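Trainee: All chains, please: the whole structure from these sequences, using the hints.
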Amino acid sequence: MSDTITLTIDGVEIQGKPGQTIMEAADAAGIYIPRLCAMDGLVPHGSCRVCTVMVNGRPQSACTQPIAPGIVVDNETDEINAIRRDIVDMLFVEGNHFCMFCEKSGNCELQAVAYRLGIAAPRFPFQFPDCGIDASHPDIFIDRDRCILCGRCVRASQDLDGKDVFGFVGRGSEKRIAVNSDAKLKDTNIDVTDKAVEACPVGALLKKRVGFAVPIGQRKYDHKPIGSDIEQNKGSL
Amino acid sequence: MGKPKLATTSLCGCFGCHMSVLDIDDRILKLIELVDFDKSPIDDIKEFTGPVDIGLIEGGCCNEENVHVLKDFRKNCKILISVGDCAIDGGIPALRNNIPLKECFDEAYSTDNRLGPAVLNPSGKVPNDPELPLLLDRVYPCSEIVKIDYHLPGCPPPADTIWEAMVALLTDKPVALPYELIKYD
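So the protein sequences, as listed, match chains A and B. Just so you know, we're using the working numbering here: the first sequence kicks off at 1 and counts up by one. Just so you know, we're using the working numbering here: the second sequence kicks off at 1001 and counts up by one.
If you're looking for bench data, these hints aren't it; they were derived computationally from the structure. Owing to the predicted nature of the structure, the values given are computational and were not obtained by experimental measurement. Among the hints, erroneous ones may be present.
To be verified - Estimated spans, in silico, between C-beta atoms of each pair:
1. B:P1133 - A:R176: 51 to 57 Å
2. A:D78 - B:V1167: 23 to 29 Å
3. B:L1120 - A:D40: 55 to 61 Å
4. A:D191 - B:L1022: 30 to 36 Å
Ideal placement from N, C-alpha and C gives every residue a C-beta, glycine not left out.
Mentor: Put into structure tokens, the structure is as follows:
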């Protein structure tokens, strides 16, 4: 068996290694596929569907789908970006995303993906759900208004911190992130240095007393779209 | 044919977006060459003088007067633009959207010291003058009341965003804003 697999993404032939997902192979080739629930170092979850690509004409999540010889992948097409836009629009209206006073603004992956997709405003009616805040812990707080249920804190706490602090409760629009004790975040063994705290793509899980540490204009996504770092590797393979 | 007409209003907003319009600095002289201001707090014209080409809406709808003004703008403006996050998604005022209206009134007007008072209000009564517009049950984004043609996000949108969009519309070019001019904060 050969140790490289050749596939095509948006008409460009790239090489991948057996066992890689489409997203891993694309990253290595300098092709950015938008994502929210996928994160380096975590087992893919395949839940946000923002990384949806067409594989031989069928929609698949690039973070979970393994590469195979000769597959034809469509990534940056109008059709797929329309799907991604709908997903991101829904994430915005299903939460309470007040970017104007969120400490994560400018470094937020949800916001950055929306910027990259060129979203000026979501096209669905806003739900204004009542989600709740847990500020009981001295160093960390959960603002469920901003949570997009990506599960990155759940996986990071389990797999990287070995703690199992977070889990999901409820179903459908009632689904929320919860801590594994019946009580509050302060009753768990979470620590401010845990990887789970860093893993949050939005402002749902934040350290206290950091606030707006980086001025506007110097934040991660102020000038360069999300994925620019991956696209810098373009043509390196 | 005269110059195109521009109208602006602030509904449930803080006038920050109007400040951002003024923040185009000396380009406002150029803007005046391009357009005539109609109904707007900038020139203090209270009523529409006739059909207007572009209407800029700041703020969402928190009371019945906001809805009336917004519908008036839709009727009179060929192109209607939501300017800023309040117009687009309700913004800061929409923080009250999952709090029952009665609790909001209690917080503001009750004489119960545990709840407030936020204002000196010895009677404890909620103001009920017929002149006062009735509050809506929640704050509504403009696009949930009327059709909105363009959205300029930001709190406020950068002056350059407003300027670029205005110039594009007034010179019949597509509104294609660069990455750095679409920001939600």
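Trainee: Determine for every hint whether it applies to the structure shown.
Mentor: Evaluated hints:
no.	hint	in the structure
1	B:P1133 - A:R176: 51 to 57 Å	violated (36 Å)
2	A:D78 - B:V1167: 23 to 29 Å	holds (27 Å)
3	B:L1120 - A:D40: 55 to 61 Å	holds (56 Å)
4	A:D191 - B:L1022: 30 to 36 Å	violated (48 Å)
Hint compliance for this structure: hints 1 and 4 are not met, and every other hint is.
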